[in-house]
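Trainee: Now for the letters of each chain:
Protein chains: 2
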Amino acid sequence: MIQNFADKLIEAVKAKGNPICVGLDPRLDKIPESIKNRALAYTDDNGEHLSPTAAAARAIFEFNKGIIDAVFDLVPVVKPQIAFYEIYGADGVKAYADTLKYAKSKGILTIADAKRNDIGTTAEAYAQAFLGEVQIFEGENEVVMPIFEADSITVNPYLGWDGIKPFVEECKKYGKGIFALVKTSNKSSGDLQDLVMQDEKGADGKGKALYEIVGHLVDSWGADEIGESGYNFVGAVVGATFPEQAKRLREIMPNTIFLVPGYGAQGAGAADVKPCFNADGLGAIINNSRGIIFAYEKLGMLPDAYAEAARTAVLEMKKDLSEIA
Amino acid sequence: MIQNFADKLIEAVKAKGNPICVGLDPRLDKIPESIKNRALAYTDDNGEHLSPTAAAARAIFEFNKGIIDAVFDLVPVVKPQIAFYEIYGADGVKAYADTLKYAKSKGILTIADAKRNDIGTTAEAYAQAFLGEVQIFEGENEVVMPIFEADSITVNPYLGWDGIKPFVEECKKYGKGIFALVKTSNKSSGDLQDLVMQDEKGADGKGKALYEIVGHLVDSWGADEIGESGYNFVGAVVGATFPEQAKRLREIMPNTIFLVPGYGAQGAGAADVKPCFNADGLGAIINNSRGIIFAYEKLGMLPDAYAEAARTAVLEMKKDLSEIA
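Residue numbers (the numbering used here), protein chains in the order written: chain A, 2 to 326; chain B, 2 to 326.
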């Protein structure tokens, strides 16, 4: 029996006693020199140094392992942002897959922050690669294997249901989840998301904003997939930087888990993320990337102490969030 | 002096005498057995066979080279869809980069169909990886190199200007382009894109649809970037399956190059794509993926003749499109 991803995530949040998601967004210029020097000095079986992209990927993966080792017993979930890996091409993508696999081996859930979006067989290919299994070759050469082994992935809803359905199918099959962008945390997120619609009126007779309509869509996309926890595996990305909108979305999507960016580096605090939670204190995952993985900077610690600093930052964030519970 | 991407693309369309974009969306099950067997039999310097994903990637790249060799003198541009490469993980992504590089070496322009979307430094990372150059390490170890070397990339506009600006900056610096999703070709594209807005009324007093508003935004995003051709490097994805909407968008975005999916396999014909062109017969790139790269099926030819079949299909499509000029 396949467990609903929402149930796995809520279980993990309860077990760890906090809803913190650590964003694994490595930046080479902030990674300790010692790690970079080891990657640059590394020689393979043939005695050759790595290419620049392979050395960068090696450094990133070592850095990530340090973070995961330092926080895996504390947090329910990590979220590597794929752009920071794709920037090193295929080598970076290998470090991405390795990072997801390592997190899994440590028993924490993963969100592939890839914001993928497409239709038909193209969306199916993404869904199989990130969430499911891929069939390679046929007949006697056939191999069926997972590729990225993420537990969930972020997706962009602009193409409508056609772009979501192939992911939902993989989720059902493998106990995985998605988080669809609804109201993002950036300043210009209103360019499209805050536009007010003519045909759709709320209870107050006012037109609904696009983000509200998308909220209703996301709610409907997950309506058949509610687990024992009361939540479903079609989650929503809702920025902490817009608490009013988050409050409205919480009403529209009572059974949806919110993935909340914007805490910390983007300026939002515990009070701002409060509207993302339901009355039961559940229903939201609060992401923090730079504020945890590069906490050594703010804490005035040496770069080599980045893992210890990350642990300290998680504990501080846990305390901060507990005050709104 | 950096040439505007729009000018490069219009020049190529004029030189080749057609606006055809060949979609490189390889599917292992449709690739000739001979290519797959060569990849499976291949042994590296240590005498070892490739992993399943590496063998798949090798087969895909050989297939793509065959297509590019067969059509590079005929068409202005190719568009590899990255999902069909990511499905084989890091190995697939290497085949993706190799494909872009090979097309470039043959003098044709490339569109990375990746529909990337994010904000801030994350969007910057994507833009640098796909369109610009990436700095790896610092000081004596510093290397600055291109990663994917695409001429342009498709992007998703749901996050607003914050998600577009980092790409536009790279475009200016390196003479590259983007194509933002406006009205996509799929059946449920109207879920969001056809919603009618309250505050924005057209000349007829009717509310505008979201896709029209996005059209206006895309037009404004490219307004400062118009090249000698009269077109700018901020293009738009406009599906051939909705000719009425395409006509409306052509009016809203006179200086925008449309990348048009939906011709062929998705059911649209020459008459359907006509509204995507300006009166000068320019302004649109018509994509065909399966209808060209797997044309051997429809033409009743052997899989091994796929390259010849692709050339025949391009020539037929060119003739078909010339009838609407």
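Hint data in this document are derived by calculation from the structure and do not stem from the laboratory.
Fair warning: this is a prediction, and the values are worked out from it, not measured in the lab.
Careful: at least some of the hints might be erroneous.
The list cannot tell twin chains apart, which means a pair is met if one copy fits it or any two copies do.
[Said to hold, decoys possible] In silico DSS-like pairs for lysine-lysine, Cα to Cα no more than 30 Å straight-line:
no., residue 1, residue 2
1, LYS319, LYS174
2, LYS207, LYS319
3, LYS319, LYS105
4, LYS166, LYS66
5, LYS31, LYS166
6, LYS320, LYS174
Trainee: Each hint should be assessed against the structure and marked as holding or not.
Mentor: Verification of the supplied hints:
1. LYS319 with LYS174: Intra 33 Å, inter 43 Å, cutoff 30 Å: neither.
2. LYS207 with LYS319: Cα proximity of LYS207 and LYS319: none, with 38 Å in one copy and 50 Å across.
3. LYS319 with LYS105: Within one copy, since 22 Å is at most 30 Å while 51 Å is not.
4. LYS166 with LYS66: neither (33 Å within a copy, 33 Å between copies)
5. LYS31 with LYS166: between (39 Å within a copy, 24 Å between copies)
6. LYS320 with LYS174: neither (37 Å within a copy, 45 Å between copies)
Hints 1, 2, 4 and 6 from the earlier list are contradicted by this structure; the remaining hints agree with it.
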